[in-house]
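Chemist: Those protein sequences? They're chains A and B, same order as listed.
Under the numbering used here, the first sequence has 162 at position 49, and the numbering climbs by one with no breaks.
Under the numbering used here, the second sequence has 92 at position 71, and the numbering climbs by one with no breaks.
Since the hints were derived computationally from the structure, they do not count as laboratory data.
In this text the structure is predicted, and so the values were computed from the model without any measurement.
You may find that some hints are simply not true.
Stated by the list, open to error - Below, computed lysine-lysine pairings styled on BS3-like, alpha-carbon distance capped at 30 Å:
(1) B/123 <-> B/133
(2) A/137 <-> A/403
(3) A/220 <-> A/406
(4) A/146 <-> B/201
(5) A/220 <-> A/146
(6) B/131 <-> B/201
(7) B/222 <-> B/123
(8) A/146 <-> B/203
(9) A/146 <-> B/339
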Amino acid sequence: MKISNQSIIEMYEKMLKIRKFETKAMNLFAEGKIPGFVHLYIGEEAVATGACASLRDDDYITSTHRGHGHIIAKGGDLKYMMAELFGKETGYCKGKGGSMHIADATKGILGANGIVGAGHTIAVGAGLAAQYKGTDQVCVCFFGDASTNQSTFHEGLNLASIWKLPVVFVCENNGYGISVSQARHQAITDISVRAVAYNMPGITVDGNDVFAVYEAVNEAVSRARKGQGPTLVECKTYRWRGHFEGDPTVYRPVEELEQWKKKDPIPRMEKYIIENKVMTEADVTKLNEKMEKMVDDAVDFAVKSNNPSMASAVEDVYTDIIEEARVR
Amino acid sequence: MEMKEMTYKDAIKLAMSEEMRKDENIIFIGEDIGLYGGAFGVSVGMFEEFGEERVRDTPISEAVIAGAAAGAAATGLRPICEMMFGDFITIAMDNLVNQAAKMRYMFGGKAKVPMTMRLPFGSGTGAAAQHTQSLEAWLCHVPGLKVVSASTPAEAKGLLKAAIRDDNPVCFIEHKLLYKMKGEVPVDDEYIVPLGVSDVKREGTDVTIVSYGTMLYRVLEAAEAVAKEGISVEVIDPRTLYPMDTATIIESVKKTGRAIVVHEACKTGGLGGEIAAAISESEAFDFLDAPVLRLGGLDTPIPYNRNLEAAAIPTVDKIKDAIYKVMNR
Ligand SMILES: Cc1ncc(C[n+]2csc(CCOP(=O)(O)OP(=O)(O)O)c2C)c(N)n1
Ligand SMILES: [Mg+2]
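Can you build the whole structure from these sequences, using the hints too?
Modeler: What follows is the structure, encoded as structure tokens:
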């Protein structure tokens, strides 16, 4: 597969951006600066990056509780993301959503999601709208291995298949749903086999190889754009951190993590980039620094932003009803 | 009664464990409840004691958790289910509402569905709109379900044991912010708090306040504060939200002549309206010196920002204001 150097550099930049953002979020959470739940994407960067590389701004994605990577890969702005993690009024959701609900209408990001399995059906709706309006937009639906045991997975794939909707189902198989390993939550190892039941193409790729993800999703996206219906792409990967920050990860052996760390998608891509002279080592260092700076600037922006006004609590429930903040 | 100090969540574990030791037909199913011990650590150690046959990690499939529990209950088991967050009951709703709740009635009394659905509800965790709800009014609206809310460690034990022994589907509401609360809990493994009995948590003569869950503690704090100003508040915890012992509430209002209901759930459509109506329809109506007030959460999803989240539900100050209002002060 031919990929331009420009695209390769962009993908590398995205992966770095995700890694640096997540590392910062990890530290901020540890320092008690971010409330709620934070589910980090460290180790899985190649999936979101490779999958979004074939998308336009007007294409859609649905995301999950582990959404930061998807949002960055689809073009989300670190400043507004970070401000949202801090609960500030400048955040993507005006401080009302937090990590699990970041959305960006201008980039087709239909929201991270706190409900496991919710994206499977929302994505089908986005595909339906695109098909109905006759656009060639597509929707990439990101989800984890464990979410494929929700009925929404089956209902979503079935409907997308019979209506030939432009949806690409991208499964991030990181081997666990919280503490429950894949072997304990389903009787298959390759989730792509489930495509057979819905008569759509299903493929399993190395989710830590950004090119493999890119290639598979690229083909699925072009099929979807041409009206040829949905595809299920399974990307095998691993989350390095606990399920959420603070999870003691007693359920998995340390050696397993060490094995996967050797397959870190970022140095792998770096190696390719330098060996193939896409960038020099000096360029790589510079880009790393640039991304770090960008993350630091985002934190700065978030810290300096205001908290939302108390009155804003009752706004945005409806388009037209704004309840007075009455004494309750 | 011999007592032991323990946390609310350990009291819940104790109730489940004691009942499971007595009745081998009880199984416990849910997400990450096994070796992991549950998202809130409620069941730590139960997998080791009862094994994987009886403490079962399910896939992330709330519909089948509730549906399988209903089916197993109808065929001789007594399942206890845990929803990791009470909010996920939405996904189990058909199985609970259209199946478990109605099976006995639809079958003309020829079935029974003895299952317990444990539901961690409530905000205050910064977890935003899909992990913080208080949906008890939905559940109370469904004939066939019993709905219980425990406010103290001892009651968590006694009420949960009663729920598990009940032959009907029981939704057992737990308040996340209470999990770490400590209290004296009866050691007796026959200690039961019967369903359908309200408890007077504080005696008083001027105002009756009905509340449960975490709000109960704010009400008690407000009651303590206004006591210094000479206002005597009686606080009632219904403990069972359906079927509710309204007689205790009505008796109290006949004495005080004023009533306030305080809950965290959204005000509109919340139980506050139901309780206020029960008071108005009763003989307590003639004793009322002020309209019955409801304090509930804002009619909004729970916001993420900490300040907004805190302001979305009744505070001690708002409860005090309501007391002054009914006292005409
Ligand atoms: C309906 C629902 N059930 C349970 C949860 C709790 N929960 C959040 S993430 C998660 C595991 C998800 O596993 P997977 O889909 O494999 O994604 P991963 O976390 O591995 O990225 C669970 C059980 C939830 N948020 N929503
Ligand atoms: Mg997973």
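Chemist: Taking the hints in turn, state whether each one holds.
Modeler: Tested hints:
1. B/123 <-> B/133: 10 Å, holds
2. A/137 <-> A/403: 14 Å, holds
3. A/220 <-> A/406: 23 Å, holds
4. A/146 <-> B/201: Between residue 146 of chain A and residue 201 of chain B the Cα gap is close to 22 Å, so the pair holds against 30 Å.
5. A/220 <-> A/146: 27 Å, holds
6. B/131 <-> B/201: Violated - the C-alpha atoms of residue 201 of chain B and residue 131 of chain B are around 41 Å apart, more than 30 Å.
7. B/222 <-> B/123: 34 Å, violated
8. A/146 <-> B/203: This hinted pair holds, its Cα atoms lying about 28 Å apart.
9. A/146 <-> B/339: 28 Å, holds
Of the numbered hints given earlier, the model fails hints 6 and 7; all others are met.
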